[in-house]
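S.K.: Chain by chain, the residues run as shown.
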Amino acid sequence: DAGITQSPRHKVTETGTPVTLRCHQTENHRYMYWYRQDPGHGLRLIHYSYGVKDTDKGEVSDGYSVSRSKTEDFLLTLESATSSQTSVYFCAISEVGTGGNQPQHFGDGTRLSIL
Amino acid sequence: RKEVEQDPGPFNVPEGATVAFNCTYSNSASQSFFWYRQDCRKEPKLLMSVYSSGNEDGRFTAQLNRASQYISLLIRDSKLSDSATYLCVVNPTNDYKLSFGAGTTVTVRA
Numbered sequence: 001d002a003g004i005t006q007s008p009r010h011k012v013t014e015t016g017t018p019v020t021l022r023c024h025q026t027e028n029h030r031y032m033y034w035y036r037q038d039p040g041h042g043l044r045l046i047h048y049s050y051g052v053k054d055t056d057k058g059e060v061s062d063g064y065s066v067s068r069s070k071t072e073d074f075l076l077t078l079e080s081a082t083s084s085q086t087s088v089y090f091c092a093i094s095e096v097g098t099g100g101n102q103p104q105h106f107g108d109g110t111r112l113s114i115l
Numbered sequence: 116r117k118e119v120e121q122d123p124g125p126f127n128v129p130e131g132a133t134v135a136f137n138c139t140y141s142n143s144a145s146q147s148f149f150w151y152r153q154d155c156r157k158e159p160k161l162l163m164s165v166y167s168s169g170n171e172d173g174r175f176t177a178q179l180n181r182a183s184q185y186i187s188l189l190i191r192d193s194k195l196s197d198s199a200t201y202l203c204v205v206n207p208t209n210d211y212k213l214s215f216g217a218g219t220t221v222t223v224r225a
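For the record, the sequence lines run as chains A and B.
For the first sequence, this note's numbering gives the first residue as 1, with consecutive numbering after it.
For the second sequence, this note's numbering gives the first residue as 116, with consecutive numbering after it.
Chain A on its own, in the form it takes in the complex:
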């Protein structure tokens, strides 16, 4: 399995609080991604990173920010959590930018509940 660790694995918090999720990889892959998965939807990209300090928005980026200060770490922050952000969050990595049949590999996920 790809060396990807997400923390925390589970979190329950209240509306309006800040939340930071961490993704740590040991594969030295350049690309890292944050997705959310909700019932009835495929995984939806929140933000991605193509290098240290290089990030860009995905399709559902509102309410989320990211940072990547080191190759191995990609942080996802909910500045002021809302109940609509209750979801399962997956981090993924890929060696290159998923062109030319390069797949992504996923971490175990973080189950986040916003009450």
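Hints should not be assumed to be uniformly reliable.
To be verified - Simulated pairs of lysine to any residue, SDA-like, Cα-Cα distance not exceeding 25 Å: (1) B:212 with A:52; (2) B:160 with A:60; (3) B:157 with B:175; (4) B:117 with B:161; (5) B:157 with A:72; (6) B:212 with A:3; (7) B:157 with A:52; (8) A:70 with A:8; (9) A:11 with A:75; (10) A:57 with A:83; (11) B:117 with A:37; (12) B:160 with A:13; (13) B:157 with B:196; (14) B:157 with B:194; (15) B:194 with A:78; (16) B:157 with A:29; (17) B:157 with A:41; (18) B:117 with B:130; (19) B:212 with A:55; (20) B:212 with B:133; (21) B:212 with A:12; (22) B:212 with A:13; (23) B:157 with B:123; (24) A:57 with B:176; (25) B:160 with A:59; (26) B:157 with B:224; (27) B:212 with A:72.
As the list claims (entries may be wrong) - According to the in silico footprint, chain A covers these stretches of chain B (three or more CB under 8 Å from chain A): (28) 158-164; (29) 214-223.
To be clear, the hints were calculated from the coordinates, so they are not data collected in a lab.
All of these numbers come straight from a predicted model, not from anything done at the bench.
Using N, Cα and C, we set each Cβ at its ideal position, and we do this for glycine too.
Use these hints to put chain B onto chain A, whose structure you have.
M.R.: Positioned in the frame of chain A, the structure of chain B alone reads:
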């Protein structure tokens, strides 16, 4: 229209049966295709890439039909351990972005 659409199923099949299902994609310029499997409350795991000529990995066969814009997955001699949700994944623009289907659930019964 969603970029990737799948029949959610569930497909309930007995052990040993063959099960097949498709996934359609909307962007004719899509370059890369994958099947992932996802077990309940687990992360998606790559099952196989899908090549233009079709490809096989043990009991699993994937096909790509560019003219009709769909990919298929066939599972032969189903095992109980094949019970999972199968995600169709397409790279529409040959860059970082993958589009995921919502998944097809397969349940194999003894």
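S.K.: Now, for every hint given, state plainly whether the structure supports it.
M.R.: Right, here's what the structure says about each hint:
no. : hint             : result
1   : B:212 with A:52  : holds, 18 Å
2   : B:160 with A:60  : holds, 22 Å
3   : B:157 with B:175 : holds, 21 Å
4   : B:117 with B:161 : holds, 22 Å
5   : B:157 with A:72  : holds, 22 Å
6   : B:212 with A:3   : holds, 21 Å
7   : B:157 with A:52  : violated, 28 Å
8   : A:70 with A:8    : holds, 19 Å
9   : A:11 with A:75   : holds, 15 Å
10  : A:57 with A:83   : holds, 21 Å
11  : B:117 with A:37  : holds, 16 Å
12  : B:160 with A:13  : violated, 29 Å
13  : B:157 with B:196 : holds, 14 Å
14  : B:157 with B:194 : holds, 19 Å
15  : B:194 with A:78  : violated, 41 Å
16  : B:157 with A:29  : holds, 22 Å
17  : B:157 with A:41  : holds, 16 Å
18  : B:117 with B:130 : violated, 33 Å
19  : B:212 with A:55  : holds, 13 Å
20  : B:212 with B:133 : violated, 32 Å
21  : B:212 with A:12  : violated, 30 Å
22  : B:212 with A:13  : violated, 30 Å
23  : B:157 with B:123 : holds, 18 Å
24  : A:57 with B:176  : violated, 35 Å
25  : B:160 with A:59  : holds, 22 Å
26  : B:157 with B:224 : holds, 21 Å
27  : B:212 with A:72  : holds, 20 Å
28  : 158-164          : holds (count 5)
29  : 214-223          : holds (count 5)
Hint check: violations occur at hints 7, 12, 15, 18, 20, 21, 22, 24; the rest are consistent with the structure.
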